[in-house]
Amino acid sequence: MALARAESLSFAYPGSTVPALRDVSVGLTPGEVTLVLGCSGSGKSTLLRAFAGLVPHFHGGRFSGRVELAGLDTRRHGPAQLAGTVATLFQDPEDQVVFTRVLNEVAFGLENVGTPPQEIEARALAALASVGAEHLSGRLVAELSGGELQRVCLAATLALEPRLLLLDEPTSQLDPEGAKALLELALRLARERGTAVLLSEQRPALPLELCDRVLLLDDGRLTFDGPVGRARAWLEEHHPLFVSAGGDVGVHLHHFGEVTSRLDGVSYAYEDHLLVLDDASLELRRGEIVALVGPNGSGKTTLAKLAAGLLEPQSGRVDRRGRATYLSQDPGRYVLRERADEEVSVGVHGDLAAASRALAAVGLAGHEARHPRDLSSGERERLALAAVLAPEPDLLVLDEPTRGVDPERKHELAALLRANRRRATLVVTHDEAFARAVADRIVSLALDRELVHA
Amino acid sequence: MRPAPAAALLFGLAAAALLARHTASVAALAAVLLVVCLRAPVSRRWPYLIGSLGSASALFVLTPFVERLPGTVFWSGPTIPVVGTLDVTSTELSGALFNACRLAAVSLAFSAYALWLDHDRLVQAAGFARRSVLAVALATRLVPALERDAAGLVEALRGRGVEPEGIRGRARLLSPLLAGSLERSLSLAEAMEARGFGRPDATRLPQPRWGLREPLALAGAALAVVVGVLWL
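In order, the protein sequence lines correspond to chains A and B.
The numbering used here puts the first residue of the first sequence at 425, with every later residue one more than the last.
The numbering used here puts the first residue of the second sequence at 7, with every later residue one more than the last.
So that you can see chain A by itself, here it is in the shape it has in the complex (with noise of 0.2 angstroms):
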């Protein structure tokens, strides 16, 4: 017996004539852990948020079709009379933070279903001590790592005992370690509570190996349904690349050019004091594709900054040559003109011809005169990406470019990036399959700081 359903449920964002979903039919049963796959913009975050009742609550828009939550339509109830049955977990554990401290957020969702108040901070202290996060109780938010504070939200769901747990790829920025904690966790806690749990990710190889069930979603339909037994070789024949490592983007090279950026023995510690860099050295040549992997707060970023000249070493030396630029984690920072050319012109000068050359590189052509705003996400991250590319920099520095980014596009920017052969290149990653698939050396940072190179 299903203890959620979706039938014929259609559904379109306000003013957009595109559904975002179209005729899906689902039934979610308890215990059963379903994994949701698709590229980027097929509707996986919709259908989630369907469940939970923020579509169309919160997001208006046409709906059409039902869906069921424990025997209440959502329709009739919005997501605030369905939170406790069903629990979210978003991606960006940031943007769902509402108080300062870990215990009273944890707490939050606890008060707000009516939770008796004597029991609320023991369900909160073992919702923590189930996610192995009791001793950051007392701690501030602002503290926390970010796979600290993805378990403190995990927690706060858990926290809730949903009957219906659904998680929008929570492990998007997390290293594979701490991803790996976090799914087997929580689906270790949804199974023995008999939770559903809907599960939406990018880097679907851990999710594979732990789910039960499959959905794939392509732009807005369910084209497949089926255990995962037979979800994997439905996917190596429609989608090789959902369950390969990167795939084949061409030969790795072995002989490259000059050097364009030298660091030597760099040391950075920030204002806290806390040194996330000590004597690590790194060299990059022309023509080479550097992946830096390495855990959370390991100084990835920081070298990658070191690198590319935005921050300053306060000991050893950082010689480049040349022009670099970096491209942070983050596509929302790249929306400072009104225009998408204008927007990646502002690293030449204004040049709206070589804007123009850059946002076709990168698969935007004819989106020039559309506001950076108004990009759906993956095209947001390919405008970043533009906007990086169109110095022609002797040095690409790229944080996280993989970051909520589906295989497919994974793929084409490997091929992107291995195409040009001018520049050096060093790709701060915590995806494996990418960093194989994309380069010709990969360094690892460890959290003792030391660097391997392989």
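No wet-lab data here; the hints were simulated from the structure.
Just so you know, these numbers come straight off a predicted model, no measurement behind them.
Where is the CB? At the ideal position from N, CA and C, for every residue including glycine.
Don't take every hint at face value.
Computed list of chain A residues with no C-beta within reach of chain B, every gap over 12 angstroms [what the hints assert, rightly or not]:
| no. | residue |
| --- | --- |
| 1 | T512 |
| 2 | R587 |
| 3 | E601 |
Coverage of chain B stretches by chain A, computed from C-beta distances (three or more under 8 angstroms per stretch; other residues unrestricted) [to be verified]:
| no. | region |
| --- | --- |
| 4 | 114-126 |
| 5 | 163-177 |
| 6 | 195-207 |
Chain A is fixed; fit chain B onto it per the hints.
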């Protein structure tokens, strides 16, 4: 100290600064509040101090040019159509100093509230006005959030080899900053609704009892207002 009485005390000091009639009294209140703010960590306090002291300084500098009060003329400038002759007199300067101290005291009281109070507890202590207090607490967090966003926008620009220069360069960041904060507020609102915010049957985490300092702070707040009206 629990946040509600502390907020009341800060409110009392700000009210006293608004009610006082002597520049020295207002300046003393501003100095006390400045000391409180200076005890906060450097990385957190500087946007508040720049905002508070910067706006007070701007008020002090501009007021004599827009007021026309008699007194000893220290400087006389050109005649501007509609505005008249620009001059700076002793009365205008003393009035400007008084109002600048007032503004500094009130904005430093807000800064101390933002920097020192546990906003979570303030929200939880709020009775019938919990939703309003939560809105204020979230708005208070806007300042550091905007600061982080601004740093991110500048970093993305520098990553393209562009340094935002001067007031004009930084002013161009205001519009994207505002739009970004609106986007984030929507995400937060969605997450709050998904977690049941707004349900009529909401309960709250029990609060610990008050100690001696809390009623003392409330008394201090009331005293500050009375003293402000009668003697300062």
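Evaluation of the provided hints:
no.	hint	result
1	T512	5 angstroms, violated
2	R587	14 angstroms, holds
3	E601	26 angstroms, holds
4	114-126	holds (count 3)
5	163-177	holds (count 6)
6	195-207	holds (count 12)
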